[in-house]
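Enquirer: Build out the structure end to end from the sequences listed, making use of the hints.
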Amino acid sequence: MNSVSVSIVSFAQAPNVRETHGTTNGVEMLVPILKEALDNVGLSKKDIGFWCSGSSDYLAGRAFSFIAAVDAIGAFPPINESHVEADAAWALYEAWVKIRTGEVDTALVYGFGKSSAGQLRRVLAMQLDPYTVGPLWPDAVSIAGLQARFGLDAGLWTERDMAGVAARSRGGDPDDLLRRPYLADPLRRHDCAPVTDGAAVVVLARGDRARDLTDRPARITSIHHRVETPHLGARDLTTSPSTVAAAKAAGADGVTLAELHTPFSHQEILLRQALGLGDEVSVNPSGGPLAGNPMFAAGLARIGEAATRIRPGERALAHATSGPALQQNLVCVLEAD
1 MNSVSVSIVS
11 FAQAPNVRET
21 HGTTNGVEML
31 VPILKEALDN
41 VGLSKKDIGF
51 WCSGSSDYLA
61 GRAFSFIAAV
71 DAIGAFPPIN
81 ESHVEADAAW
91 ALYEAWVKIR
101 TGEVDTALVY
111 GFGKSSAGQL
121 RRVLAMQLDP
131 YTVGPLWPDA
141 VSIAGLQARF
151 GLDAGLWTER
161 DMAGVAARSR
171 GGDPDDLLRR
181 PYLADPLRRH
191 DCAPVTDGAA
201 VVVLARGDRA
211 RDLTDRPARI
221 TSIHHRVETP
231 HLGARDLTTS
241 PSTVAAAKAA
251 GADGVTLAEL
261 HTPFSHQEIL
271 LRQALGLGDE
281 VSVNPSGGPL
291 AGNPMFAAGL
301 ARIGEAATRI
311 RPGERALAHA
321 TSGPALQQNL
331 VCVLEAD
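Numbering-wise, the sequence shown is residues 1 to 337 according to the UniProt record's numbering.
Incorrect hints may appear among the rest.
[As the list claims (entries may be wrong)] So the derived label-pair ranges between C-beta atoms look like this:
(1) D173 to N80: 48 to 56 Å
(2) G233 to D208: 47 to 55 Å
(3) F64 to L156: 36 to 44 Å
(4) H21 to R216: 30 to 38 Å
(5) R216 to G287: 29 to 37 Å
(6) R160 to S82: 43 to 51 Å
(7) L156 to P78: 51 to 59 Å
(8) R122 to I79: 44 to 52 Å
(9) K248 to R18: 46 to 54 Å
(10) S44 to G313: 26 to 34 Å
(11) R160 to D208: 46 to 54 Å
(12) P135 to K248: 35 to 43 Å
Hints are computed from structural coordinates only; laboratory data are not their basis. From the three backbone atoms N, C-alpha and C, an ideal C-beta is built for every residue, glycine too.
Expert: So, in structure tokens, the structure goes:
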């Protein structure tokens with residue numbers, strides 16, 4: 001791979017809401033934010049060299065839902081398009097590679113998810129091993145509850161620590177939060193990301209083109225992702241070696257800001273510990289997934305949020321996850337030029 005630099009030049013996202021009245025193909029959410037992201041940098045659709053999206057057919061409840069989402073782009077002019085059945089952070093990885101190969105000099109990445117269309121806790125159970133775990137239908141919140149309990153029993157965090165994360169992300173007093181009932185012991189409702197409909201868009205540009213488009217490009221210095229076994233019993237759920245390995249490969253030392261894709265309060269603590277992020281690092285200043293977690297767009301949004309908040313001379317870490325209990329993890333390191 002050559003040394004071509006790639007920067008984030010624009011970011012837009014739909015409002016994170018509990019339910020939208022649009023279709024599951026995301027068109028209604030995407031049209032206004034595609035326009036916003038392009039208008040931010042004075043581009044039109046014909047100026048984009050590559051389009052890549054992230055979504056999920058099983059969340060949408062229809063085959064090839066991403067093709068219907070292309071309606072948000074329009075039938076003309078023809079486009080160079082691809083898709084990943086994953087969070088759009090992985091679509092950004094594909095677009096980053098596409099630009100670095102020299103095939104294009106701009107790319108637009110988008111992700112969308114209408115979580116309200118079904119029972120999200122049961123939908124996510126379909127990620128599990130279909131032979132040994134899936135038939136038991138353990139839902140995503142219950143699995144996260146097991147992970148939280150392991151950490152509590154190991155003394156790695158406390159329920160007050162978890163309440164502190166929730167209070168910072170969503171507001172409220174930790175003492176008041178601790179008096180609320182359990183949802184999946186030891187998780188309370190505020191410890192879990194809300195069911196969210198939403199979408200996100202990021203525009204990428206190569207080298208000098210990025211500087212022509214914006215005064216504040218956020219240069220992607222590196223992206224790496226790693227995956228662990230899907231067998232929960234074969235993993236130490238109190239840490240995340242795949243995140244650590246991805247961060248080490250990406251050279252994530254010395255960051256001052258981190259946007260972590262942690263749908264549960266204890267997972268923010270877990271990743272802070274695993275990555276060695278001290279108090280000097282601002283973690284999830286956007287509120288993170290606890291403030292809004294649109295499936296298949298929240299990881300991309302972490303990268304976009306980090307890009308908009310990083311200041312000249314600083315380095316930021318953006319993280320995305322997929323699968324149960326932090327199974328697959330992506331780390332993107334950004335620098336502000």
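Enquirer: Next, verify each hint and record whether it holds.
Expert: Status of each hint after checking the structure:
Take D173 and N80: their Cβ atoms lie about 51 Å apart, and the range 48 to 56 Å holds. A hinted range of 47 to 55 Å holds for the C-beta pair G233 and D208, which are about 51 Å apart. For the pair F64 and L156, the beta carbons lie near 43 Å from each other, so the given range of 36 to 44 Å is met. As the Cβ distance of H21 to R216 is approximately 35 Å, the hint placing it in 30 to 38 Å holds.
Distance hint check: the CB atoms of R216 and G287 are about 22 Å apart, inconsistent with the given range 29 to 37 Å. R160 and S82 have their C-beta atoms about 45 Å apart, which keeps the hinted 43 to 51 Å range intact. Roughly 52 Å separates the CB atoms of L156 and P78, a value that falls within the hinted 51 to 59 Å. Distance hint check: the CB atoms of R122 and I79 are about 35 Å apart, inconsistent with the given range 44 to 52 Å.
Taken as a hint, the range 46 to 54 Å is violated for the pair K248 and R18, whose Cβ atoms sit roughly 38 Å apart. At about 33 Å, the CB distance of S44 to G313 agrees with the hint of 26 to 34 Å. Between R160 and D208 the C-beta distance comes to about 50 Å, which sits within the given range of 46 to 54 Å. Evaluation of the 35 to 43 Å hint for P135 and K248 yields a pass: the beta carbon distance comes to about 37 Å.
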